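Student: Below are the chains, spelled out letter by letter.
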Amino acid sequence: MSAITNVARASLSKDLRLEWRSKDAINSMLFFALLVVVIFSFSFDPTAEESRRIAGGLVWVAFLFAAVVALNQTWARELRNQVLDALFLAKAFGNFIFVIVLETFMTPLFIVFYNLRALGPAYQLLIVSALGTWALVVNGTFFAAMSLRTRSREIMLPLLLFPISIPALLATVEATTAILTGDFSAKFWIVLLAAYNVVFTTACLLLFDTVLKAE
Amino acid sequence: MKFLYAAYAATWIIHISYLALLLRRYIRLRNEIQELNQR
Amino acid sequence: MIRRTFPILGVLTAVLLSYGLYEALIGAPTEQSMGDVQRIFYYHAPSAWTAFLLFGINFVASVVYLIRRSMKADIIALVSAEVGVVFCTVVLVTGPIWARPVWGIWWTWDIRLTSTLVLWLIYVSYLILRRFSSSGQTPLMAAVLAIFGALDVPLVYFSIRFFRTQHPQPVIGGEGSIDPKMLQVALINWAGFLCFACLVCWSRYRLELLQREVEETEALEALLDSRKAQ
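Chains as they are written, first to last, in the numbering used here: chain A, 1 to 215; chain B, 216 to 254; chain C, 255 to 484.
If you are wondering where the hints come from, they were derived from the structure by calculation, not from laboratory data.
Every value quoted in this text rests on a predicted model; they were computed, and no experiment measured them.
Certain hints may be false.
[Unchecked claim] Covered stretches of chain A, going by a simulated chain C footprint (3 or more residues, C-beta under 8 Å): (1) 157 to 163; (2) 170 to 176; (3) 186 to 196; (4) 205 to 213.
Idealized CB from N, CA, C, for every residue including glycine.
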């Protein structure tokens, strides 16, 4: 058991260190995230009243695009692997942290551009972010592994990820909108997100070695 | 009601298009087989 | 026996679909609120039922493939997905054509229509994966994706259903109980489309078998040619 966590921790720290070391990758991803926010702000320029209702959707679509860029890099450096489950979790968690960092960077920008202020319970936004990000990242890491064995693998990842993620995206956007507008309760959506995460984390763990061992 | 006829027509256009696609693949396959047999 | 079944099934299909078409356009009673446009239902609903059935078959075939790695299961998965997408496309096209005159809008987040759209997206991505993956692993990757898709279906359904309770939307199919005569006409058309789907799936199955044989032969030939060259 400790061997597994050692492999996991080693892989995770290696990933984090490598990412932080290659400043180019970080800088370009942050810049890409900034671009996405700005372009969305040009495309939709609402008054403060409307902005709360649509900001949820805009924010998460922007996060989704930024996440895909990060996810595509997941398996770029991977060669051999033994303890696959631990490796998968380590990769997924590494992606999770990375995307959370991107979100933390993009959120203030959105708040500024859209003059956002949460009318509902703001602390719930943290729960929604965590659950929503994990939902994207767990399937994203899995499909990134599947895309390795395809032609056009960069387009294959979002192509596989987006349809399956629709319930999670809907739930995340609705929950965020609920919290921002304070019009209705986010509770059902949070529960749905949790259910989605449980189902797909399990599925990914169970099927990961099948996918990777396919030869 | 032209919408009604449009819907029914669309249904069959979709099905027939798919069948046409299959037919085209079949013909191409058959030509390939003839080529293989000649070799 | 196989040689004879195909034409018999063909005749049965033609009979059922013709009768179904007559009943749909003329025999069935006209609906009160929507008028004749409602008759789209007799093609829209059976297509949806057929598509869902085919996707269900795909799920079963994918699971069987994961357990037994049988080529037959893989081909059945491929065929049911393809034909399922065709029927699903019919649902997605007839739905808006129905919605437009009734509600004045082309699209609405009607639960059945939206669930069908998501299902269509998932299975189109499935077919694209099959086309783009390197041939050795295709059956396995596809089977895994099919399982993910199947797991997604209930989540899609519940998320859209709750979305609709919060943002009320028009319902395309009409709600409540259905007139027994209308149900009968729908079922007749369904029977016709099921037979039609059988014919198409069967043909597609044979086509795929033929294709794989040809590919194998060509691969073998290439191997022999390279040996000869040495």
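Student: Each of the hints needs a verdict: does it hold here or not?
Tutor: Right, here's what the structure says about each hint:
no., hint, result
1, 157 to 163, "holds (count 4)"
2, 170 to 176, "holds (count 3)"
3, 186 to 196, "holds (count 5)"
4, 205 to 213, "holds (count 3)"
Of the numbered hints stated above, none is contradicted by the structure.
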